[in-house]
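Colleague: Residues per chain are reported as follows:
Protein chains: 2
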Amino acid sequence: MKKPPRRTAERILATTLDLFNRFGEPNVATTLIASDMGISPGNLFYHFPAKELLVNALFDEYLSEMNRLLPAAAEVQDVEHAWFFLHSLFELIWRHRFIYRDLNDLLSKNRHLEEQTKTVLQLKQQAFEAMLGGLQQHGLLNQSEAERRSCATHMVVVLTWWLSYEYVQNPRHALEETNAGQSALRGAQQVLGLLLPYLSELPKAQLQALIQVYSDR
Amino acid sequence: MKKPPRRTAERILATTLDLFNRFGEPNVATTLIASDMGISPGNLFYHFPAKELLVNALFDEYLSEMNRLLPAAAEVQDVEHAWFFLHSLFELIWRHRFIYRDLNDLLSKNRHLEEQTKTVLQLKQQAFEAMLGGLQQHGLLNQSEAERRSCATHMVVVLTWWLSYEYVQNPRHALEETNAGQSALRGAQQVLGLLLPYLSELPKAQLQALIQVYSDR
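Going down the list, the protein sequences come from chains A and B. Once you know that position 141 of the first sequence is 243 in the numbering used here, the rest is easy, because the numbers rise by one and skip nothing. Once you know that position 190 of the second sequence is 292 in the numbering used here, the rest is easy, because the numbers rise by one and skip nothing.
Do not take every clue at face value.
A pair counts as met if it fits within one copy or between any two copies, since identical chains are not told apart.
[Unchecked claim] No farther apart than 20 Å at their CA atoms in a straight line, the calculated lysine to aspartate or glutamate pairs in the EDC-like style are these:
(1) K153 - E163
(2) K211 - E278
(3) K306 - E249
(4) K153 - D120
(5) K220 - E278
(6) K220 - E231
(7) K211 - D162
(8) K220 - E154
(9) K220 - E268
(10) K211 - E268
(11) K220 - D162
(12) K220 - E167
(13) K220 - E163
(14) K153 - E216
(15) K306 - E182
(16) K153 - E112
Hints are computed from structural coordinates only; laboratory data are not their basis. None of these values were measured; they are calculated from a predicted model.
I would like the entire structure built from these sequences, with the hints used as guidance.
Modeller: Quick look at the structure:
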């Protein structure tokens with residue numbers, strides 16, 4: 103049985119996400135989106151009368167996925183689980199990487215993003231503090247309150263700008279689809295690497311082993 | 103005695119740097135620069151026939167300042183010295199913050215920046231590895247080779263994207279001139295906070311005291 107054709111608005115969003123991710127939002131005009139889909143600019147305009155509405159709709163999809171994923175941080179009980187959580191976070195970021203590529207420019211032009219991006223940083227901070235608190239409760243690490251807050255902030259910065267770091271090293275290819283897997287692995291490594299000096303011996307060895315396994319791939 | 107008037111090209115660069123820093127490079131057209139200076143667009147064009155040349159000239163000033171400052175990393179012998187070095191780095195970044203505000207967009211449009219930005223990341227990485235190596239030689243911290251590399255990478259990411267982090271929290275005011283001092287202090291705190299778990303007792307207490315003093319201001 104054939105799947106029913108997707109509604110035009112959904113197809114427009116999928117195409118826009120793909121083009122934004124490939125070329126960066128500042129470089130994609132609505133005329134390019136329409137021509138890429140083979141529809142008229144008027145048809146696109148009927149569904150999304152301004153480019154900003156496309157940006158907002160895609161951002162809200164990203165936001166609701168983030169809101170579903172982040173609470174899992176509080177359930178993290180061991181190093182493998184932390185690895186899996188970070189990997190999932192980076193996969194989500196990757197699917198919406200246009201937001202991360204031009205974050206400052208996007209939010210300087212868009213009130214909705216200006217408000218919501220700040221909220222996302224706070225949610226990430228809370229999630230990482232919850233994760234660190236959970237690991238401490240399970241006896242895996244030892245931090246003072248101040249260390250936990252500071253470590254969570256470092257995790258937020260590295261999580262949020264890791265793709266930018268990779269982009270600077272290789273602007274022509276870093277954000278191409280073929281790099282999805284490797285990029286998520288390197289990102290998870292870097293963010294969890296921040297925990298290493300705080301972990302007790304056994305989980306530290308486990309995390310180092312995980313990082314080693316994935317570095318060798 | 104009056105200072106001799108600056109040459110027009112220098113005045114153009116100073117005005118451009120100021121406007122880029124305040125409004126972001128994507129939002130500043132050459133016509134705005136000319137009108138802000140009260141010169142004709144033709145006069146501006148005579149000195150800089152393309153906006154890209156303004157960006158490149160300002161970037162090269164930044165680059166040569168970075169090249170003068172970074173070698174000092176290898177001379178860092180104690181925690182106060184590290185603090186001073188990081189503070190100087192953030193002051194330099196602040197003076198050229200337009201580069202950091204829209205880094206990915208700038209380098210996606212400009213071959214010169216694409217090449218040079220990668221080099222700057224490598225120079226920062228080497229500088230931090232040299233600093234960590236020096237502190238270890240002076241008995242202040244203890245890291246394996248892998249820890250030193252990883253810690254230096256974390257320092258590079260937090261150094262490079264700290265202003266972006268502050269910008270997301272407060273897009274309307276974070277990059278305004280009045281925040282220069284506080285922003286450099288918070289940045290230095292965050293980057294040096296990455297060393298805390300590796301420091302031995304005395305320098306750790308010294309660094310925590312430094313962070314505390316400046317947090318209270």
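Colleague: Hint by hint, where does the structure go against what was stated? Just the numbers, ascending.
Modeller: none
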